[in-house]
Amino acid sequence: MTTKQLALVIDLNVCVGCHACVTSCKSWNDGGAAGPLADQNPYGADPSGAFFNRVQTFEAGEFPATETVHFPKSCLHCEDPPCVPVCPTGASYKRAEDGIVLVDYDKCIGCKYCAWACPYGARELDEARQEMTKCTLCVDRIYDAKLPEAERKPACVMACPTSARIFGDVHDPQSEASIAIRERGGYALMPEWETRPANHYLPRRK
Amino acid sequence: MRPAWSVLLFTTLAGAGQGLFLALFAAQAQGELLQLGLAIAFALLAAGLVASFFHLGHPERAWRAAAMWRTSWLSREVIVLPAFMALVAAYAWTGVPWVGALGIALCFLLYVCTGMIYACLPFLQEWRTPLTLVNFTLLGFASGATLAAALAAALQPALARGYVFVALAAGAAAYLGRLASLWRNARLRPKSTLASATGIPQKPIVQISQGAMGGSFNTREFFHGRPREVVRAARWALLALVFPVPALLLLGGGEAVPALGAAFALQFAGLLAERWYFFAEAKHPQNLYYQAIA
Chain U
388 MTTKQLALVI
398 DLNVCVGCHA
408 CVTSCKSWND
418 GGAAGPLADQ
428 NPYGADPSGA
438 FFNRVQTFEA
448 GEFPATETVH
458 FPKSCLHCED
468 PPCVPVCPTG
478 ASYKRAEDGI
488 VLVDYDKCIG
498 CKYCAWACPY
508 GARELDEARQ
518 EMTKCTLCVD
528 RIYDAKLPEA
538 ERKPACVMAC
548 PTSARIFGDV
558 HDPQSEASIA
568 IRERGGYALM
578 PEWETRPANH
588 YLPRRK
Chain B
29 MRPAWSVLLF
39 TTLAGAGQGL
49 FLALFAAQAQ
59 GELLQLGLAI
69 AFALLAAGLV
79 ASFFHLGHPE
89 RAWRAAAMWR
99 TSWLSREVIV
109 LPAFMALVAA
119 YAWTGVPWVG
129 ALGIALCFLL
139 YVCTGMIYAC
149 LPFLQEWRTP
159 LTLVNFTLLG
169 FASGATLAAA
179 LAAALQPALA
189 RGYVFVALAA
199 GAAAYLGRLA
209 SLWRNARLRP
219 KSTLASATGI
229 PQKPIVQISQ
239 GAMGGSFNTR
249 EFFHGRPREV
259 VRAARWALLA
269 LVFPVPALLL
279 LGGGEAVPAL
289 GAAFALQFAG
299 LLAERWYFFA
309 EAKHPQNLYY
319 QAIA
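Protein sequence lines correspond, in order, to chains U and B.
Each residue of the first sequence is one higher than the last, beginning at 388 in the numbering used here.
Each residue of the second sequence is one higher than the last, beginning at 29 in the numbering used here.
One thing to keep in mind: the hints can contain errors.
As the list claims (entries may be wrong) - Looking from chain U toward chain B, a few residues come up when the C-beta cut is under 8 Å (computed):
| # | residue |
| --- | --- |
| 1 | 454 |
| 2 | 473 |
| 3 | 476 |
| 4 | 491 |
| 5 | 495 |
| 6 | 504 |
| 7 | 507 |
| 8 | 577 |
| 9 | 588 |
| 10 | 592 |
Said to hold, decoys possible - DSS-like mimics (lysine-lysine), calculated; alpha carbons at most 30 Å apart, straight line:
| # | chain 1 | residue 1 | chain 2 | residue 2 |
| --- | --- | --- | --- | --- |
| 11 | U | 540 | U | 494 |
| 12 | U | 540 | U | 391 |
| 13 | U | 481 | B | 219 |
| 14 | U | 593 | B | 219 |
| 15 | U | 494 | B | 231 |
| 16 | U | 481 | B | 311 |
| 17 | U | 533 | U | 593 |
| 18 | U | 533 | U | 391 |
| 19 | U | 540 | U | 481 |
| 20 | U | 391 | U | 494 |
| 21 | U | 481 | U | 391 |
| 22 | B | 231 | B | 219 |
| 23 | B | 219 | B | 311 |
| 24 | B | 231 | U | 593 |
| 25 | U | 494 | U | 533 |
In case anyone wonders, no lab produced these hints; they're calculated from the structure.
All of these numbers come straight from a predicted model, not from anything done at the bench.
For every residue, glycine included, the Cβ atom is placed at its ideal position computed from N, Cα and C.
Same shape as in the complex, but just chain B (with noise of 0.2 Å):
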């Protein structure tokens, strides 16, 4: 699949957002940790929002999107996302704390969706695992406690401590899943080929022509159109920045903002990366009707 920049940044950011505000509310934290927090939280989960429209041909319908909620998970998360999104507004304000616990379910319930929209579809093997919802909310909520412990050294550095170890914990958790579904996909064996998509009995069977000389719709959304050099980079990538290059900074920063900080901007560009090649590696079955031009 091609990896398109708007739904890379939305689940980064909002996954991100969602995974600061477990981590604050988790923890109780208070004053003004609590309050920059939640608008840190807040305005990732904005950006979030902003990106997707990116993703739409016609941003100014979107609105509709919020009516197959009874079958579908796009339209679910549509829903979830702002109603995440005022409660992190009305914890903020109002500090009462079943306004944060109803906040957690529903940013339990964004995860489940953003990752349901890709594991639901049975056709895309390499997405249609519970590792994706895993992976989903692991390093979403990992990459929020990176994001906690740098906050909370810079403004409450009795919780940084914490926080760093909560961090190590989750992002080790999410580098284990991500690793397990990076084997799991390196071992599938597509379920569909040309006698399948073709129901020609002879073998071998080789496309001669997709029926048109230029590219299509079809060339383009499915195929990633990077050189074998670009995937394998950004596997190497994610499996560094994602939790290695991250943890040392954790555990050798001494808590100092700076090394925190840095911590988190090289999770989340990891994370980027992550999105990038699960989007890259997923190889869809129309595939199979686009190989050759002439």
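This is chain U alone, in the form it adopts within the complex (with noise of 0.2 Å):
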């Protein structure tokens, strides 16, 4: 493990369930070199639309004893992404320099099959471009050098205002992510598949 694999860390003790990552997310990705992210029926009745990240609300235990956990929930940016093999034009790709799992929409023929492949459905159909999305970990703003250093990082995680987002290789020992997944006992999501995914989350403390 040599290689960088760049990643989320995602810590639950602290989300709040407040969606400034969705929004930040939506609207970078809307307006970035990977847009435009398309909705359909904004504002009408039965609106719809991709997006790379949600979150997701559940309520565990058992009452009183019930606690309710915000659940954001992106691409995961697989080690052994299940989405990259079953593309048949190549456009669905892992990147070996950073490990970001990426479409290059230009090819994508819009056949659905990687998001069929993917367990999590971090995939969307972009409607109204016919093309597959999914994060792309802000690929376009972390190595972008006009950008003063400490912006060069996932809107998210710019976003988050309980710093519930960590951003870093978690190939890198001595990374924030790769020490909070060590020391905090970070998980990956459906390990019964074993796509062994880079995001990780941190579980809740009593």
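Got two chains here, each in a separate frame; can you build the complex from them with the hints?
If you want it as structure tokens, here you go:
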């Protein structure tokens, strides 16, 4: 494990479910290099649209000891991504240099097979563009030399008011992300499918 | 999963076309039966190919789909289908036996590619079984053999009896295979749960919100969205029409063209119901994340 693997570590202790990461993600990716990211009927009775990041809410435990858990969910940038080998055109790929899983939109034929092959439902078809879209880890932000160094982070990380999102290289044992995973019991989602997600979640401490 | 008509039509039409080619070559059909049969097989494959384009968001980029044959069964299918069609045409044109034999090889390879597109996805547990490959192959062959019987009754009655027998045997085998997968899938336990999907240790876990008030790609693509009655009707249609009803027509039709033609039409309708149910019964683990709107 020498090459870089960029990822997010999400702290379920402090996520308050404010959806700032959702809106900042949508805003950045609707206008950035990856956009547009279309909505259908956004102000109507039955709105729909593509998002790279969603915050879901779960209730866990037996009353009265129930907990409300806000759960941000986006592409996990798996180390062994099942969505990549199934793509017939090579539009879906994992970058060797930093492990980000991306879609080359110009090559995407919109067959949706990669979405079938993702157990997490991380990919969403842009219905207007008819191309598969997904979290890019803001690849068009994090290497942008025109931005101040402190802002070369994904939009969701910048927006989070409680610092529930840690961005970093999980292959570098000294990174903040790796330390958080190591010291606070960071875990991966659906380990049963052996996709080895790069993104991790920090469990709630009592 | 949501059954898409483009894919239902592609897999059933191409499957029947492949089955017809197998039936014609295996019986060494000659003359008008061979020529018309190969033309129909080619037309079925072409119709399937056209249907498959309707599945794509960008059909004009479809040529790119041949690129990743080293890793993608879909890419392999995209290569094998036109190659097989070319061999069907070449065999019709030349009648050279080795061209036909090569066509048989690609015909089986195409069944494998189509089946593996579904069987290779580990977490779609209903599809992740060798029975998926067996069923795509046998169901396709059975429908092709029934069509061959109808064509033979019209053009070369001496062969009709043999084809009726083959269609019955293939249909029975296909039906047994499909019953086996229905039996297996009814007993599956989902490997993923909300506990593994979220990692939240407390039990029980209930989703309160999926993060959006409206629908999304995730709420459309992975759910069939039909009431339970429709699913049940599709299951009954598949149980009745894939084999029992066509078998009665094959057995009692006196090798007459209308009875055998009806047998094929009903069996094909049964295969559409079968394919619809194949998708509808497959439960994608991402659905765990999309259970509550509010």
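We went through each hint and held it up to the structure:
no. : hint            : result
1   : 454             : 6 Å, holds
2   : 473             : 5 Å, holds
3   : 476             : 4 Å, holds
4   : 491             : 10 Å, violated
5   : 495             : 7 Å, holds
6   : 504             : 6 Å, holds
7   : 507             : 6 Å, holds
8   : 577             : 5 Å, holds
9   : 588             : 6 Å, holds
10  : 592             : 12 Å, violated
11  : 540(U) / 494(U) : 27 Å, holds
12  : 540(U) / 391(U) : 15 Å, holds
13  : 481(U) / 219(B) : 26 Å, holds
14  : 593(U) / 219(B) : 28 Å, holds
15  : 494(U) / 231(B) : 44 Å, violated
16  : 481(U) / 311(B) : 27 Å, holds
17  : 533(U) / 593(U) : 42 Å, violated
18  : 533(U) / 391(U) : 22 Å, holds
19  : 540(U) / 481(U) : 19 Å, holds
20  : 391(U) / 494(U) : 25 Å, holds
21  : 481(U) / 391(U) : 12 Å, holds
22  : 231(B) / 219(B) : 17 Å, holds
23  : 219(B) / 311(B) : 11 Å, holds
24  : 231(B) / 593(U) : 15 Å, holds
25  : 494(U) / 533(U) : 28 Å, holds
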